[in-house]
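Engineer: In case you want the letters, here they are:
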Amino acid sequence: MGALHSMAHDYEYLRHTLNAMAHRVQTALHESLQTLRRSDAIGAGQIIRDDPDINALQQDIEDLVARFITQWQPLLRDLRRVLAMLAVASELERIGDYARQVATQVRRAHDDNHPLLMVADLLELGALTEHILSSTIAAFLAEDTAAARAIAALDDQVDERRRAITAAIRQAARTDSSLFDAAIASIGITHILERVADRATNIAERAIYLATAIHESLNE
Amino acid sequence: MTVAELSAVDMAQANGRYAVELHNTHIYYGSFRAVKDVSLQIERQRITAFIGPSGCGKSTVLRAINRMNDLIPGSRLEGRILFHGKNIYDPDVDPVEVRRRIGMVFQKPNPFPKSIYDNIMFGPRINGWRGTKAQADELVERALRGAAIWDEVKDKLHQPGTALSGGQQQRLCIARALAVQPEVILMDEPCSALDPISTLKIEELMLELRRNYTIIIVTHNMQQASRVSDYTAFFLMDADRAGQLVEYGPTEQIFTSPNDKRTEDYISGRFG
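Order-wise, the sequence lines are chains A and B. Quick note on the working numbering: the first sequence kicks off at 79 and runs consecutively. Quick note on the working numbering: the second sequence kicks off at 27 and runs consecutively.
By construction, these hints were calculated from the structure, which means they are not laboratory data. C-beta: ideal position from N, C-alpha, C; glycine also. Incorrect hints may appear among the rest.
Here are the in silico distance ranges between beta carbons for each label pair [said to hold, decoys possible]:
id: 1; chain 1: A; residue 1: 295; chain 2: B; residue 2: 285; range: 23 to 29 Å
id: 2; chain 1: B; residue 1: 56; chain 2: A; residue 2: 295; range: 45 to 51 Å
id: 3; chain 1: B; residue 1: 283; chain 2: A; residue 2: 87; range: 42 to 48 Å
id: 4; chain 1: B; residue 1: 164; chain 2: A; residue 2: 151; range: 41 to 47 Å
id: 5; chain 1: B; residue 1: 56; chain 2: A; residue 2: 151; range: 20 to 26 Å
Computed cross-link-like contacts, DMTMM-like style, restricted to lysine to aspartate or glutamate with a CA-CA straight-line distance of at most 25 Å [as the list claims (entries may be wrong)]:
id: 6; chain 1: B; residue 1: 287; chain 2: A; residue 2: 90
id: 7; chain 1: B; residue 1: 180; chain 2: B; residue 2: 123
id: 8; chain 1: B; residue 1: 287; chain 2: A; residue 2: 88
id: 9; chain 1: B; residue 1: 227; chain 2: B; residue 2: 286
id: 10; chain 1: B; residue 1: 287; chain 2: A; residue 2: 221
id: 11; chain 1: B; residue 1: 140; chain 2: B; residue 2: 181
id: 12; chain 1: B; residue 1: 287; chain 2: A; residue 2: 294
id: 13; chain 1: B; residue 1: 287; chain 2: A; residue 2: 175
Some residues of chain A that are not near chain B, with every Cβ distance over 10 Å (derived) [said to hold, decoys possible]:
id: 14; residue: 154
id: 15; residue: 202
id: 16; residue: 237
id: 17; residue: 266
Model the full structure from these sequences, guided by the hints.
Structural biologist: Next up, the structure:
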């Protein structure tokens, strides 16, 4: 019983660390969207500088998972849990990179003096991706397969919304060629946000695998 | 037809897919029922692992498969255990012949206090060996090669088997079992007294032996069961303390998505 308690304790610590990383990534994404709202080059620079902290958290999780497997030799759901955590930490690290990329676009737009286009729409798309990310993290931590499957529909909404925004930006650039650089950067942000949603969907797939031992694709 | 008489019969025709079949097997020690109503079919030339907590009856079932429990006063078996379609508990079956055809390797290496050579020849000799010295040499080499220990002992065949390391002793015991040309090898926690490297050598050997033999292994090591076995049977004690078979299936399925929650809980280390 004592040993089992320790295994549960170690698992809880791992889960806590992953949750902390998820919180950090969500904050970075949210802050990057706020810098977009404010056209805030200084805030964007801070997000770029903070990204290595997220990378370090991923390495912490890798070390913790390696130690957990060595010490407890988990099997079945216990093994899937820690393997899924490893994969989710990798997805979160990439999402952290995407937050940095949004900040990079904001800073570049500010420095090059070409204001980004359709910022309100980009923020709306950003809010949807933030919602997907928080939902998928909650579903993963709760091992809630129904909530995880619901992510697919939200991801479809992101794709649809992105197509509409991209089409509008293209149209604007066709009308006014001076908007070309801003259009490229703005479309780049829609692409980044779409990738955030895709990564979040991957996390939802991990939640399903964890609970069922079945690989289910939500991206089709 | 006795089990011995079956040796001349083509195995594929005689028993098809299964090496051993247990049908509604109950095993008693005196009035105590140690195993209740176990039915399972062991596939030929496959490795089947018996897992379960201590006292769940897995070793009792294993020993029943070559009538080793007969040596325990008061033990009794109900049901049938078929080998080549013949119930090995029928009155006309010689248990010594059963044990020749269904060999056994124990938890602790137990070489006889004899030379390596004589350890190997012990079984053939008590079974009435009549070959020449050259044939005996050949048999010893074949058995030791079969157990992947020939290269390590070929220059010291007349030294005591007990002088070998634990892992080597266990492989010598496997060679000794092979020397009487069994079809099935029962292994009762064969690696529990061995270091990790020796354990891996035994596991590699088991995978090699699977080409020609049917192997049934009792193990408490879940990783070992998942590494080496093709099928896994999970046993558990019921409320009357009798061992019963809870779940039996392909190892991959048992170790990824078992059907019974008790299996999942045991494999995950929730009890046992």
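Engineer: Provide an ascending list of the numbers of those earlier hints which the structure does not satisfy.
Structural biologist: 2, 3, 5, 7, 9, 13, 14
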